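Going down the list, the sequences are from chains A and B.
Under numbering that gives the first Met the number 0, the first residue of the first sequence is numbered 0, with each subsequent residue one higher.
Under numbering that gives the first Met the number 0, the first residue of the second sequence is numbered 0, with each subsequent residue one higher.
Do not rely on the hints blindly, as some may be mistaken.
Unchecked claim - DSBU-like cross-link-like pairs, simulated, lysine-lysine; straight-line CA separation at most 35 Å:
#: 1; chain 1: A; residue 1: Lys221; chain 2: A; residue 2: Lys251
#: 2; chain 1: B; residue 1: Lys195; chain 2: A; residue 2: Lys46
#: 3; chain 1: B; residue 1: Lys88; chain 2: A; residue 2: Lys162
#: 4; chain 1: A; residue 1: Lys46; chain 2: A; residue 2: Lys251
#: 5; chain 1: A; residue 1: Lys46; chain 2: B; residue 2: Lys329
#: 6; chain 1: A; residue 1: Lys162; chain 2: B; residue 2: Lys138
#: 7; chain 1: A; residue 1: Lys162; chain 2: B; residue 2: Lys343
#: 8; chain 1: B; residue 1: Lys343; chain 2: B; residue 2: Lys165
#: 9; chain 1: A; residue 1: Lys162; chain 2: B; residue 2: Lys165
#: 10; chain 1: B; residue 1: Lys343; chain 2: B; residue 2: Lys329
#: 11; chain 1: A; residue 1: Lys46; chain 2: A; residue 2: Lys162
#: 12; chain 1: B; residue 1: Lys343; chain 2: A; residue 2: Lys193
#: 13; chain 1: A; residue 1: Lys45; chain 2: B; residue 2: Lys165
#: 14; chain 1: A; residue 1: Lys162; chain 2: B; residue 2: Lys195
#: 15; chain 1: A; residue 1: Lys45; chain 2: B; residue 2: Lys62
Everything labelled a hint here was simulated from the structure, so no lab data went into it.
Please read all numbers here as calculations on a predicted model, not as lab measurements.
Take a look at the letters that make up each chain.
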Amino acid sequence: MTEIVLREALKRGLEEALENDPSVFMMGEDIGEYGGAYAVTDGFLKKFGPDRIKDTPISEQAFLGAGIGAAVAGLRPIIEFMSISFTLVAFDQIVNMAANLRYMSGGQISVPMVIRAPTGAGVQLGATHSQSFETWLAEVPGMKVVCPSNSYDALGLMRSAIKDNNPVLVAEPALLYGTKGEVPDEYYEVEIGKAYVTRTGSDVTLISYGYGMRLVNEAADKLAERGVSAEVIDLRSLSPLDMDAIVASVQKTNRVVVVDTARRIGGIMAEVSAELQQRAAEWLDGPVMRVGSDDVPWPYNRGLEREVLTDADDVLKAVAEGYGL
Amino acid sequence: MVNPTKSSSKSKSKPAKSSKNGKSGAVGPDESDVAASTDHRELFRQMFLIRQFELACGENYSKGLIRGFLHLYIGQEATGVGAISALRKDDYIVSNYRDHGHALARGVDINRSMAELFGKATGTSKGKGGSMHLFDVVKGFMGGHGIVAGQLPLAAGLALAQQYQKTDGLTMCFFGDGSTNQGVYHETLNLAAVWKLPVLFFLENNMYGMGSSIERVRAGGIDFYPGLATYEIPAVEVDGMDVLAVKEATEIAVERIRAGGGPQFIEAKTFRFGGHSVADGQKYRGQEEVKEWETRDSVVAFPLKLIEMGLVTKDQINDVKAEVYEAVAKSVEFAEQSPNPDPKEIHNDVFA
Chain A
0 MTEIVLREAL
10 KRGLEEALEN
20 DPSVFMMGED
30 IGEYGGAYAV
40 TDGFLKKFGP
50 DRIKDTPISE
60 QAFLGAGIGA
70 AVAGLRPIIE
80 FMSISFTLVA
90 FDQIVNMAAN
100 LRYMSGGQIS
110 VPMVIRAPTG
120 AGVQLGATHS
130 QSFETWLAEV
140 PGMKVVCPSN
150 SYDALGLMRS
160 AIKDNNPVLV
170 AEPALLYGTK
180 GEVPDEYYEV
190 EIGKAYVTRT
200 GSDVTLISYG
210 YGMRLVNEAA
220 DKLAERGVSA
230 EVIDLRSLSP
240 LDMDAIVASV
250 QKTNRVVVVD
260 TARRIGGIMA
270 EVSAELQQRA
280 AEWLDGPVMR
290 VGSDDVPWPY
300 NRGLEREVLT
310 DADDVLKAVA
320 EGYGL
Chain B
0 MVNPTKSSSK
10 SKSKPAKSSK
20 NGKSGAVGPD
30 ESDVAASTDH
40 RELFRQMFLI
50 RQFELACGEN
60 YSKGLIRGFL
70 HLYIGQEATG
80 VGAISALRKD
90 DYIVSNYRDH
100 GHALARGVDI
110 NRSMAELFGK
120 ATGTSKGKGG
130 SMHLFDVVKG
140 FMGGHGIVAG
150 QLPLAAGLAL
160 AQQYQKTDGL
170 TMCFFGDGST
180 NQGVYHETLN
190 LAAVWKLPVL
200 FFLENNMYGM
210 GSSIERVRAG
220 GIDFYPGLAT
230 YEIPAVEVDG
240 MDVLAVKEAT
250 EIAVERIRAG
260 GGPQFIEAKT
270 FRFGGHSVAD
280 GQKYRGQEEV
290 KEWETRDSVV
300 AFPLKLIEMG
310 LVTKDQINDV
320 KAEVYEAVAK
330 SVEFAEQSPN
340 PDPKEIHNDV
350 FA
C-alpha cells in the first residue's frame, strides 16, 4: 500500500495507459505545455511527446468530436475538460454523436473514449464553473459515468474507463484532488457499474458519491457517537447505476437518505429515490429522504456558496426528520 | 435567385479532358479511351442509380412504407459521384443527413440501404438508424449524421487517427452551405488546419439551408471558398453539375492531402431539385429558379455528352439504365420482403 492523493492516483492511471498502449493519447486545453489546469497531466508532454499529449485550441466541440472520430478509427483518446461546466459546449458531440453512434449504426461502431472533467462547487468559482453535470450525462443511453471519491477508486475506475469500449465520463471531484488515500502496489481495477458499501451498519443507509462521500462519512461518524449505526454506500458509477446494491442495503436498514452535492432537482439521487420507491417501498419505515444543494445558480460569495452546498448537518437533519434518529 | 449558368462560368476547375470534342474518332479508340469509356459509364451508372433510388424512396414515402424525415439527393448526383470516384477504398467518408447518394456512390449495398429506409432488420443499421443514419464501416462509410455540421469534428478525428497511425489515407467530409454558420464548422476548420489533418472538406453548396437561401442567412454572399484563406486551407470552387469537373478537382485535392499538404476544401455549386425533405412545399423559392437548374441536370446531360463525344453508344447507356431500373426495383422488393427487427433487438447495440 502507498498513500497518494487523488490527483496522483488519476495521474498514475493515465500514465500507465500511455506507457502500455500506443493507441492511448490525450487531448485537451493546456494539458501539455501548461501541465493541466489541475496539474493532473503535469510532465506528460515531456515524457510522451506532442503527438500523444495534444494541446488543443479552446474548441470543445471540435476536439471532443475529433476524439470521437479517433476512437471510431480504433484509437483510445482521453479527453480532458477544464471544467465539467464546459462539457455543455460539447454536449451535441457527446450526446448526439458519442453516445448514439453505436446504436444508430446498428452496432457497427464503438467509441472507446474517456472524457475527464473536474466537477463540483466549493471553491468560489461562481455559476459557470461550479456545476455537476455528470448527473445529466448519466441519463444518456450509451454513456457510462463514474465519479471516484478516493484515491483507490480513482485509479481503479480510471483503469476500467480506459479499457472500456464505450464513452466513459470520469467526473473528478475538484475538492478532492488533494485528498490522500491508500492504493495497493499490485494491479487492480474497479468495475464500472458497481456501488461499494464503504461502511456496514444496521439502522440507516446513507448513499452518495464523489465529494458527497466526505459528508456522509462525517455524518455517519456523528451518528455513531449517538449509537446510530449507519451503512454507507458510494455509488462510484452513476451509469450504469447499481440499484441492486442499494436495494439490498435498504432491505437491511429499512431507512435511507440519499445525498447529492449537485442540485436536487433532476439529479441522480432523484433517480435513486424513484427506483427505491418502486423497488423497496415495503421495506422502508419512512420516506426516502433526499438531500441536495439548493436549486439556484452557484453563488460566488463564500458564505452563500457554503449555505447552498450540501453539508453533513443537512444529512443529519434528514436522518432526524425522516426517521427520528 | 442564383443563376446556374453564371455559377458554372465562374467555376475555377479546368474543363475536363473528355470535353475535347470527339478526338478519339479520328484515330480509333486507344486503350486510354477504352478505360475512360468504362469510367464514364460507371460514373453515369452511379448517378443514374442514385436518381432512380431517390425516386423510388419518394414513391415509397408516399405509400407510407418509408417514414420519418427523407432528404433526397436529386439534382446533386454529379457532385457526390464525382467526389467519391477520386477516393481509395481505405479512405473514410463522412456524410450529413442527405446521405443516400454518398452511400450509394461509395458502393454501400443498395438492398441494405433501401431496407434501412424501410426500417427493416436487413438494413445497414438493422432498422435502428433510418434515412439520416446510413453506415457501412466495411466500406469506410462512416455515417449519415443528423445534426447540421455535427459530423465535421468526427471527420477531423478519423483523419487524426489516419495521421496518428501514419497511413496515407484521408477522410472526405460532406456538408452543406447550412453547416457553415455553425460554430463547430469554424472550430473544425481551425483544428484541422493547425494539426494539418488529412481531411478533405467538401461543401455541397445547394444554395439553401432548408428553406433559407444563403443571401438571407449569410453575410458575404454565396461563395464560401474565398473565406478559407482565413484558415490557410487551400480552397477551390467547382461546378457541381459537372461530374468530370468535380472528379478532377477532387483528384487534385486528394493528391495534395496524400502528399502531406494538410486539409483541402472544395466548394461544389449544386442544386437540389426537390425540397429540403419530402415534406417541404418549397414556398420559399420560385419554380423558375428550379427549372433553370434542371436544364443542367447532370443525369440527363452527362450521357448525352458522352454519346456526342463518341465515348459511349446510346445502346450502352440504355443497358446501364436497364440494369439500374432492375437493381432499384429489386431493392424495393428486398426491403418490402425483409422482416421487421425483433423487439429483442431494442436493448442491443447500446453498449459495446
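For each hint, the structure was consulted:
no. : hint                    : in the structure
1   : Lys221(A) <-> Lys251(A) : holds, 21 Å
2   : Lys195(B) <-> Lys46(A)  : holds, 23 Å
3   : Lys88(B) <-> Lys162(A)  : holds, 30 Å
4   : Lys46(A) <-> Lys251(A)  : violated, 50 Å
5   : Lys46(A) <-> Lys329(B)  : violated, 58 Å
6   : Lys162(A) <-> Lys138(B) : holds, 27 Å
7   : Lys162(A) <-> Lys343(B) : holds, 28 Å
8   : Lys343(B) <-> Lys165(B) : violated, 41 Å
9   : Lys162(A) <-> Lys165(B) : holds, 23 Å
10  : Lys343(B) <-> Lys329(B) : holds, 28 Å
11  : Lys46(A) <-> Lys162(A)  : holds, 22 Å
12  : Lys343(B) <-> Lys193(A) : holds, 25 Å
13  : Lys45(A) <-> Lys165(B)  : holds, 21 Å
14  : Lys162(A) <-> Lys195(B) : holds, 29 Å
15  : Lys45(A) <-> Lys62(B)   : violated, 63 Å
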